[in-house]
Every structure is written in structure tokens, then in C-alpha cells.
Amino acid sequence: MKDHATLAEEFIKDDARTNWHDETLWFVRQKRDKAAHGLPEWEQLREWASQIKNHTLSNMESYLEEFEKNALDNGVKVHWAADATEHNQIIHDIIKSKGITRIVKSKSMLTEECHLNHYLEEQGVEVVDTDLGERIVQFRHEPPSHIVLPAIHLKKQDVSDTFHEHLHTEKGNNDPTYLTRAARVHLREKFIASQLAITGVNFAIAETGGVVVCTNEGNADMGTHAADVHIACMGFEKLIPKASHLSVFLRLLARSATGQPITTYSSHFHKPRAGQEMHIVIVDNGRSDILGKADFRNALKCIRCAACFNTCPVYRRSGGFSYHTAVAGPIGSILNPNFDPKKYADLPFASSLCGSCSNVCPVKIDIHDQLWKWRQELSKGGHLPLSKKIMMKGMAFVLGRPALYRFGGASARWVLRHMPFLVKFKVNPWYKQREMPEAPKQSFRDWYIQNKKK
Amino acid sequence: MKIALFIPCYIDQFYPQVGQATLELLTKLGCEVDFPLNQTCCGQPMANSGFAAASKDCDKNFVRNFTGYDYIVGPSGSCVLHVKEHLKDDQHSEETIHIRKHIYELTEFITDVLKKEVHNAVFPHKVGLHNSCHGQRGLGLSSMSERMLPAFSKPEQLLSKVKGIQLLKPVRTDECCGFGGTFSVFEEAVSVKMGKDRIKQHEANEVEFITGVDVSCLMHLEGILKRQGSKVKTIHIAEILNTEA
Chain U
1 MKDHATLAEE FIKDDARTNW HDETLWFVRQ KRDKAAHGLP EWEQLREWAS
51 QIKNHTLSNM ESYLEEFEKN ALDNGVKVHW AADATEHNQI IHDIIKSKGI
101 TRIVKSKSML TEECHLNHYL EEQGVEVVDT DLGERIVQFR HEPPSHIVLP
151 AIHLKKQDVS DTFHEHLHTE KGNNDPTYLT RAARVHLREK FIASQLAITG
201 VNFAIAETGG VVVCTNEGNA DMGTHAADVH IACMGFEKLI PKASHLSVFL
251 RLLARSATGQ PITTYSSHFH KPRAGQEMHI VIVDNGRSDI LGKADFRNAL
301 KCIRCAACFN TCPVYRRSGG FSYHTAVAGP IGSILNPNFD PKKYADLPFA
351 SSLCGSCSNV CPVKIDIHDQ LWKWRQELSK GGHLPLSKKI MMKGMAFVLG
401 RPALYRFGGA SARWVLRHMP FLVKFKVNPW YKQREMPEAP KQSFRDWYIQ
451 NKKK
Chain S
455 MKIALFIPCY IDQFYPQVGQ ATLELLTKLG CEVDFPLNQT CCGQPMANSG
505 FAAASKDCDK NFVRNFTGYD YIVGPSGSCV LHVKEHLKDD QHSEETIHIR
555 KHIYELTEFI TDVLKKEVHN AVFPHKVGLH NSCHGQRGLG LSSMSERMLP
605 AFSKPEQLLS KVKGIQLLKP VRTDECCGFG GTFSVFEEAV SVKMGKDRIK
655 QHEANEVEFI TGVDVSCLMH LEGILKRQGS KVKTIHIAEI LNTEA
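So the protein sequences, as listed, match chains U and S. Oh and the first sequence: position 49 is 49 in my numbering, straight run, nothing missing. If you want my numbering, it's the position in the second sequence, counting the first as 1, plus 454.
With the rest of the complex left out, here is chain S (with noise of 0.2 Å):
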């Protein structure tokens, strides 16, 4: 099986910890793990103001990094569904549905197609579940409080193996953080009042931390605890299944 790890442009840059955490946890996992050395960015960012007509060269140079490949990888569920919705490359249209077919979240990559379960993990910690938008409504990892489903969560699957962890949920399991890509900017007055919010109920669980599987969530909350001072630090998914006893 010939797996390429996808590291987001922005987790490349900002977050290498969680780009280390995700090659070292898949490897853990019995994968062999390929980094395209040319990957920059899905797109999505002008993609998502209007722009995705000027982005072809982000799509063609995804297209070129990641074809040939059984699966590919990434710790970001925002990112990995733009790619699965939008990755368009005429010129290579056949590489371009296989990587759209082929690309997983890595929480859903292990809970369905690794099928395996995190062990070694320690995590003696009270630690906030965020669910990012585009993982939970767009993927389909967790089931969603609109829907009048039965109830599951990858996310929560694996991290209820993980030692010592206090999962909790903010009494709004699932509303946005309000990042939202250039939303977070151009809109900013209403995208730091709903991380405000977000902070607010996982503050009232009195959390240590808050995790999530996209960085671009944990950023931006951050941001915000940072200004305001607070105690609870920001914790990607894939950090907290790769510690070890």
C-alpha cells in the first residue's frame, strides 16, 4: 500500500509538530509513508473567495505530487474535503478522480481503512472536543446534531482508547469556530465572536486543552487564547495519539 502524506501549506510553515505527530503515528501503524517533496497548497484558500479558476496551478501541482499513490493522507479535514470536492486538472483527469477517491482525513484513514485502533497512547489530560465543519458535515466523521441519525464519531473512537484522557464536549457539540479560511479575515468581527463562544463553553468544562482534527480550527482558537490570555493550549488530534507511555 503506497501511502502520500499530505502536510498542508499552512501546517508545513506554522505547525510541524503536527505534520511529525501524523508520519510518526501512520508509521506506528504499520504504513509506509511517502512526503511528496513538492506539495504546497489545495487551493482552497482563493478557492473559497470566488478565486478557484485562478488557482489551477495549486490543482496541477497537487495532481503531480500526488498521483500514483494507493492513498493519500492528510491531517486536516478542511483541506482533504476541498481536494475530494474540487481538485480539477483537465489535462489529467483520470489521476484526478483516483486522488479525489484516494485522499482521506487520517482519522477516518485509520478507523476505515487501516481499520486499526490507536493503544499506546497517554494522555492524562481534561481535553475539549472540537469538531471542525468541514471533517464532521463534510466527510462525514462524526454524526451531526441537525441530523436525525444514529450517533458515532471517529474522532471520539479513537481517542476514547487513549490512557488517562477526560473527553468533554462543549454544550454546543458542533458549532463552527467560526475560522472559515478568508471568512476568519475578511469577516472577522463575527469569525472571533464565534471563537469567543467556542472558548467560552469549553472553558466552562474547565478544560486543559482543546483538540480537533484541523489545525486551521486549533489556530485560530489559539489566536484567540493567546490574546485573552488564557490557561487552555491547542492540541491537534494526531499529537495527542502519538504520545507514548
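Chain U on its own, in the form it takes in the complex (with noise of 0.2 Å):
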């Protein structure tokens, strides 16, 4: 399998589309900036927001009853899976004994972390994606590139063939609102076809046991409205412990995304309607060994705003696909390696550490610290390849010794100087597409002695 380096050196390639694509997410994250600049309290808030979070994991057990008592007794099904195979089973379940053929989902990270669609294509069930950009990605059999933009790494001319090939519009047509409106006309006979309609969660209220889902085009209600089942499925950390703790996460959420003071729709789901089933499966997947680990466990705060995406400037000149996961970008990178240290080991390199993912969360994660802390892990489970840490114990080796220390620099310097042949070739990836520093004859400590020292 390639690692991200690979994968974004194959991105960079297209260097017209990468400079697109970084300022493409540049603009979200000036927009970001701005929304943010409205409001004076928002450092306040952020901090809010973490202390809340902290709060709730810190009470999970509690809050997590305290939820699924107030759903049983508003008429909601309840349901736990402990892995992404009792969820995708549980939905199934449902499907089977209801005999349902025709599914809408809205957006849900969750059902991509647990490739429910390709479970239930396997087990010969259509589930059509109802948001505009995963509905893009679906068709072209892709995962989604942003967790807020699922689409985001296609351009209009690419949406455009996408329809030609599977909603017959116009050769060569890329006009946006002609595409969004063939879009709709297939959406609509979509939802109102639908049995069954599946959501995610963006926010679970324990002392109401409702739960609250964000989106811009209002396909989760028209696909609950319609549909005879509603299936919301939620990692357990999208749990808050009051219904007054919106007023915080909802200003941030939407700010942080996109720069909207909120979203179109923040739809609050509590009962089902008179004749209609409504379920909630509350996933664990790993959930609970995070929240075991000290020093990782504040990652569970993530309200999926993907702020962390927009402004990392690694994730802008890469693209999603190059992190080989469904939830990519600076918190995917902290969040992948729990699951799996060997597949994801590349991705807590995939960052220069600037710390600007850490500025810009509005839960406050410490996600540089986590990416830092990230690389001993794997450097202590030995996931790291054999070459790199051979360079580096070389390195510590000569480093922790002063005088061996001196006599590289200076060899170094030497050869430089006289055979630079020896350094300045190609496979060096240093020197690919940079020059070396000139070598000095003296180190600042020669001068020191020679011209300083008493």
C-alpha cells in the first residue's frame, strides 16, 4: 500500500490542480477567520466547548444511560455496537425484517468509518447517499476526499461528466445550477420513494434523549419525513449533557466549517412521528481504548468540523485520498492510528507540526501535541521502517557525543566543499528540488575560540 508521502507527491504532480485545491480550502478557511472575528467571545466559547466535552468523557458511563433512558421513554429504539460489524448487522437487521429495499442516507462519517454502503451492497441493498457531494462521490465509486466536502477534490467539468455518465444531463454542460437542479430532480424521486431513511448525529442531548443533525440542504428531513424508519446512527462521543450546550456547539460548528454563522438546518429529532419508527445505534468501534489512553483521549472531542482540513497546509496540497482513510486531514491522523498503528503509521508524519490545526479547533484538541506524541507510540511499537530508525540512533549517537559530533560536522563540511558529488545527486530528497547550504571552512565554535573566547 502507498503512504501518504507517495500518494501526495502523486497529487502534487497536477501542479495547476493542487494550487486549485489548496486555494479552493484557503477561501473556506478565510471564511472561517472572518465568522470567527464576529463574534468577541470566541475564544470563550472554544473554551466552553472543550470544558463540556471534557466534562462528558470524563461522565461518559452516566451520560450515556441518562441518554438512552430519555430515548426508550420517548419511543425510540436503542441500540449498542461494540465494532462497525454489529452496527452495519443491527441495520441490516432492521432492513431485513421490514423487508425494506429503498434507503436514503444523509451524510454520516460514522457509516464511512464503518463502510456500511459496502456492506450492504454485499448483502444486495442499495443505500443512495442524499447528500449533493457524496452523492457525487458515490457515483464515481470514491470515498469522500473532506469530511465536511465530501466532493471537494473534483472540479465542475469532473461533476459535470459524472451526471452525463449516470443522470444523462448535457455533454459539456458545467453549469453549476443546471447540475445542482438535475441533482435535485433525481434526489427528489429518491426521497419520496424511501422507506427507510438513515442519518448521522452530530449532537446526542442526554437529559432529552434527542438528537440533533446539521446539514445544508435539508436532505435529512426530507429523507426522515418521508420515510417510514429513521435509523440515526452515532459514535457515543457525540453525546452532550444538556440541550442548553447547543448554544455553544451549534455557533462554533458551522463557523468552523464554513464559515456560516450556522447551518441551513439543524434538525432535532426526538420522537418518532405517529406511525413511524425511529433508532439510534450508539457505536463504540474503538471509541473506548481511546478514551483509555491519557494522552489521546481529548480526540474524542471532535465535533467533525474539519477546520483541522482547511487549514493544514499539508492536507491543501495532498488532498484527502492521499491519507487512505474515511476520516483524513490532521484529526484523522490522530484518530487512524488507534484503530490500526501499523496501516496508519505514515499519517502522524503527514504534518510539518505548525500547530495551526491546534488554533483553529473549536473544541480545543491538542492535535500537534497528539501527532508528536502520535510518533514515539509508533516508534515504540515498531511500526516505523527499519531505515529510519537506523538513521535516527545513528544520529543520536553521533549528536550525544561532542567531539564525534564535531568531526562529522566538520567531514560534512569537507565533503561539501571538495566532493560535493557525494551529496549533490538526486535521490538525495533534499537536493531534488534544493540547493544545499554553502559549507563554511570554520563552525561558529572554531570562531568562537579563535577570535572570542578568554
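No wet-lab data here; the hints were simulated from the structure. Please read all numbers here as calculations on a predicted model, not as lab measurements. Glycine is no exception: its CB is placed at the ideal position from the N, C-alpha and C atoms. It is possible that some hints are incorrect.
Stated by the list, open to error - Covered stretches of chain U (in silico footprint by chain S; criterion: 3 or more residues with CB under 8 Å from a CB of chain S, positions within the stretch not fixed):
no.	segment
1	106–112
2	194–204
Claimed, not checked - Taking lysine to aspartate or glutamate and the EDC-like style, the derived pairs with C-alpha atoms no more than 16 Å apart in a straight line are:
no.	chain 1	residue 1	chain 2	residue 2
3	S	K680	U	E435
4	U	K271	U	D340
5	S	K654	U	E23
6	U	K389	S	E486
7	S	K654	U	D228
8	S	K687	U	E435
9	S	K687	U	E23
10	U	K393	S	D488
11	S	K650	U	E435
12	S	K650	U	D369
13	S	K538	U	D369
14	U	K452	S	D511
Could you use the hints to bring the two separately framed chains together as a complex?
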């Protein structure tokens, strides 16, 4: 399997497209800045959000019980899934028991994480993703490349080609309004016909037993309003204690994600309407392991706004697919190694550790510090390439011994001055696109001893 | 006040002029500065690659060299931040804590500890300011574009007193240049792309120099500038502040 550095290099080969990707996401980051600047209490809101989430994580078991009790009292069926397989099976069992064939699903990163669509396809069940971006990538058999903007890697003409193939729109018509209308007609048919609507959950409120789903397209509402069955899927970390806490999170979420003051739709689902069935599936899938790790638990505070994606100079220039996982970007780089340290050992290194991610995070996750800590964990666990290990241990040996360091430094400078061909060849990743620094005859220490030492 | 000068290894070997400028500048500002002769590396390259546990010898050597000083000052925000956050020597924990609390990057040492300005510097050029991430976001040398807090900048505060200087900022004021230590080698493609993008924004301002508080970022940018045959030069902030009429 190709690692992040290799996939990123392939992405960057198309310079114009890389620039477009970078600039598009930077534009979103700027919108976020503007929206945040509009609130004098921005930093206070972040602090509150962080504290509410920390408190919830520390009292998870009692809030989960409270949430379940209230949801049951509301007439909702609650399911518990230990992992992705259980989650997928629970949903499939509901589908089977009712003989459902027409299913719509609004955006849910959890179902991406559990590969629900793929699982159901294997059982002969088709799910239609109703978020526009999700539908586009679904047509193309691609995963989303961004958790908020799933098709951000595609340009207008790509969408036009895809729609021409699947929706028979005019070939070469790149007009966004034309294309959106075609998608709208197509999706309306699916909404009207649907028997089951699957949604994600942005916030689950312990004191009311209700869930809140945020969308800009109203697709979660259209799906659930038409279907006789609604299944809401959530990782347990979506919990917040009180409905009043939404006033903190809803103000932060859309501003951080897209620079909007609030998502167009913040839909509250508390009980099934007459004649409807409502299910909530609460998923662990590795989350309780993360909760048990002091250094990494606060990654569970994440509200999936993707502000860390948009600000990340590496993500913007390497694209979502270079992270080879459902949740990419800086937050993905600290979450995925929990699930499979070997497979995702490259991700914590897909960062210059600039720290911008931690600064934009609306719930104050110490993302870049966790990236650093993951590097140590992966090294301890033996998940890093042997060549890197040998190189680093060798450097540590030399740099830990002053005389050896001075000899090594002087030798390196001598080589650069007299035999540069030993260093200046294209396999040297520094030299490939960069000149080596000039090698002076004297080190600073040499100069100091000669000129300053008393 | 006993001050030790910390010259990171790659500055010692490849950019001695930055060490000289730092030493001379501190001396001009009335400091008595000592240079511990057996210093090597702070251990950051190994630690950032996941091998903090393997660089114990570097940590110990650092503690040995820099024990017994009131302050430790270095012309590199990144190395200073690494020492502040990660220096570890269990056999000398008190000394280690003292070092971690009293190590300063050059500009913050001048503005916060010495509380002085640099008056005699002259640099009649168009200069682009690069905000190095570890200095800025790690040490808090200046306000950051992500945070909604009052604006300030310690490097700018010092540079603003330099005669003749025309200080210019790129459109994205504090985006990373892509050096990132061993990131520059292991993620070469992204690293260089980030560097090229930074340079493009500085070149749009028609600067003659790019300056900053970290030689590492400047070394990376310099490598790309030279390969591109650009006329833009890099210069460390100490070299500008140490100029005289």
C-alpha cells in the first residue's frame, strides 16, 4: 500500500490542480476566520466547548445511561454496537425484518468509518447518499475526500462528466445551477420513494434523549419526513449533557466548518412521528480504547467541523485520498492510528507540526501535540521503517557525543566543499528540488575559540 | 546575569554568521555571554521523527552544558521550543526544569527579559517577514491568524526600529514554509511545494530579503530560492538587528 508521502507526491504532480485545491480550501479557512472574528467571545466559546466535552468524556457512562433512558421514554429504539460489524448488522437486521428495498442516507462519517454502504451492497441492498457531494462521489465509486466537503477534490467539469454518465445531463454543460437542478430532480424521486432514512448525528442530548443533525441541504429532513423508518447512527462521543449546550456548539460548528453563522438546517429529532419507527445506534468501534489513553482521549472531543483540514498546509496540498482513510486531515491522523497503528503509521508524519490545526479547533484538541506523541508511540511499537530507525539512532549516537559531532560536522562541510558530488545527487531528497547550504570553512565554535574565548 | 548562548548544531556548522551576529548583538545590549563549548544538538530531529527516547545522550549533554546559567538564549525558535517542551534528564531533573523554564529565543529575550530595543541597526532594504511556526505558535512570539486575540509581534517590534527597513508581509501572514525538520526529507514533495508557495507570496511583494527567527525555515527557503535562480536572499533577524550605520 502506498503511504502518504507517495500519494501526496502523485497529487502534487498536477501543479495547477494542487494550487486550485489549496486555494479553494484556503478560501474556506478565510471564511472561517471572518466568521470567528465576528464573535468577540470566540475564544471563550472554544473554552466552554472544550470543557463541556471534557466533562462529558469523564462521565460518559452516566450520560449514556441517561440518554438511553430518555430516548426509550420517547419511544425510540436504542441499539448498542461494539464495532463496525455489529453496527452494520443491526441496520441490516432492521432492513431485512421489514423487507425494505429503498433507502436514503444523509451525511454520516460514522457510516463511512464502518463501510456501511459496502456492507449493505454485499447483502444486495442499495443505499442512496442524499448529500449532493456524497452523491457525486458515490456515483464515481470514490470515498469522500473531506468530511464536510466530500467532493472538494472535483471540479465542475468532473461533476458534469459524472452526471452525464449517471443522470444523462448534457455533455459538457458545466453550469452549476443546471447540474444542481439535475441532482435535485434525481434526489427528490429517491426521497419520495424511500422507506428507510439513515442519518448521522451531530449532537445527542443526554437530558432529552434527542439527537440533532446539521445539514445545509435539508436532505436529512426530507429523508426522514418521507420514510417510515428512521435510523440515526452515532459514535458515543457525540453526547452532550444538556440541550442548552447546543448554544455553544451550534455557534462554533458551522463557523468553523464553512464560515456560516449556523448550518441551514439544525434538525432536532426527539421521537418518532405517528406511524414512524425511530432507531438510534450507539457505536463504540474503538472509541472506549481511545478514552482509556490519557495522551489521546481528548481527540474524542471532535465535532467533525474539518477546520483542521482547511487550515492544514499539508492537507491542502496533498488531498484527502493521500490519507487513505475515511477521516483524513490532521484529526484523521491522530484518530486512525488508534484503530490500526501499522496501517496508519505514516499519518502522524504527514505534518510539519506547524500547530495551525490546534489553533483553529473549536473544541481545543491538542492535535499537533498528539501528532508528536503518536510518532513516539509508533516508534515504540516498532511500526516505523527500519531505515528510519537506523538513521535516527545513528544521528542520536553522533549528536550525543561532542567530539564525534564536531568531527562529523567538519567532515560533512569538507565533503560539501571538496567532493560535493557525494551529496549533490538527485536521490538525496533535500537536493532534488533544493540547493544544499554553503559549507563554511569554520564552524561557529571554531570562530568563537579563535576570536572570543578568554 | 549569567547567560549561555545556545547555537543549534546546523547553525554552528552551516550558518556561523548567525551565531556571531547573535553573540555580538547580545554583547551590544550589555549582556555577558558564555558559549558552552561542548554543546551539540537539542535532540529535536530525532524526537520529531519518533525517537525522543533514543536521543537521551543529546538531552544529557544539553543539561551538562547549560546547567548553572540564569538564562539560555538561542537564535532559533524551533530548537528553543523543543528544549522547553521535551528536554528530559531524570538524573538531573531540577537542572532540567531550570533550563526548560529559562531558555529563550533571541527576540523574546530582548523584548521580555532585557526589555530593550535595538536602536542602531540600519538595513535599507525591502524585507519579507517569515513567521516561523514554532516561534509563533509554540513560543507565542506573535499573535496568530487563527486566534481571535489582540495583534502583536515581538520580531516586528524589534525590526520596526531598524532604520531604512521596509517590512512586508505575504498575503498569508503565517502559513508554514514546509521545512518541518525531517518532514522536509520524508515528505519532500509537500515540503518543497509549501516552500515554493511561500516564496511566490514574498516575491509578489518584490522583497530583496526574507527574514525570520528560525534559520531552519530560512535554510529550506534559501535552498529553493537558489535552485530557482531567484535574486531574493534569506537573512536571520539577528544579522539585521546587528547591523550598524
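Status of each hint after checking the structure:
Coverage of the segment 106–112 of chain U by chain S is violated. Counting CB-CB distances below 8 Å, 0 residues qualify, and the rule asks for three or more. Judged by the Cβ-Cβ criterion of 8 Å, the segment 194–204 of chain U is not covered by chain S as claimed, because only 0 of its residues qualify and three are needed. For the proposed pair K680(S) and E435(U), the alpha carbon gap of about 6 Å is at most 16 Å, so the pair holds. Among the hinted pairs, K271(U) with D340(U) is inconsistent with the structure: their alpha-carbon atoms are about 37 Å apart, more than 16 Å.
The hinted pair formed by K654(S) and E23(U) meets the criterion: a straight-line CA distance of about 14 Å does not exceed 16 Å. With a C-alpha separation of about 41 Å, the suggested pairing of K389(U) with E486(S) is violated against the 16 Å cut-off. Among the hinted pairs, K654(S) with D228(U) is inconsistent with the structure: their alpha-carbon atoms are about 56 Å apart, more than 16 Å. About 13 Å separates the Cα atoms of K687(S) and E435(U), which keeps this hinted pair within 16 Å; it holds.
Simply put, K687(S) and E23(U) have alpha-carbon atoms about 26 Å apart, too far for the 16 Å limit, and the pair is violated. Distance hint between K393(U) and D488(S) is unfulfilled; the C-alpha atoms sit about 30 Å from each other, more than 16 Å. Under the criterion of a C-alpha separation no larger than 16 Å, the hint pairing K650(S) with E435(U) is consistent with the structure, at around 13 Å. Our distance criterion of 16 Å between C-alpha atoms is broken by K650(S) and D369(U), whose separation comes to about 26 Å.
Under the criterion of a C-alpha separation no larger than 16 Å, the hint pairing K538(S) with D369(U) is consistent with the structure, at around 14 Å. At most 16 Å may separate the alpha-carbon atoms for a hinted pair to count; K452(U) and D511(S) exceed this at roughly 28 Å.
The structure does not agree with the numbered hints 1, 2, 4, 6, 7, 9, 10, 12 and 14 stated previously, though it agrees with the rest.
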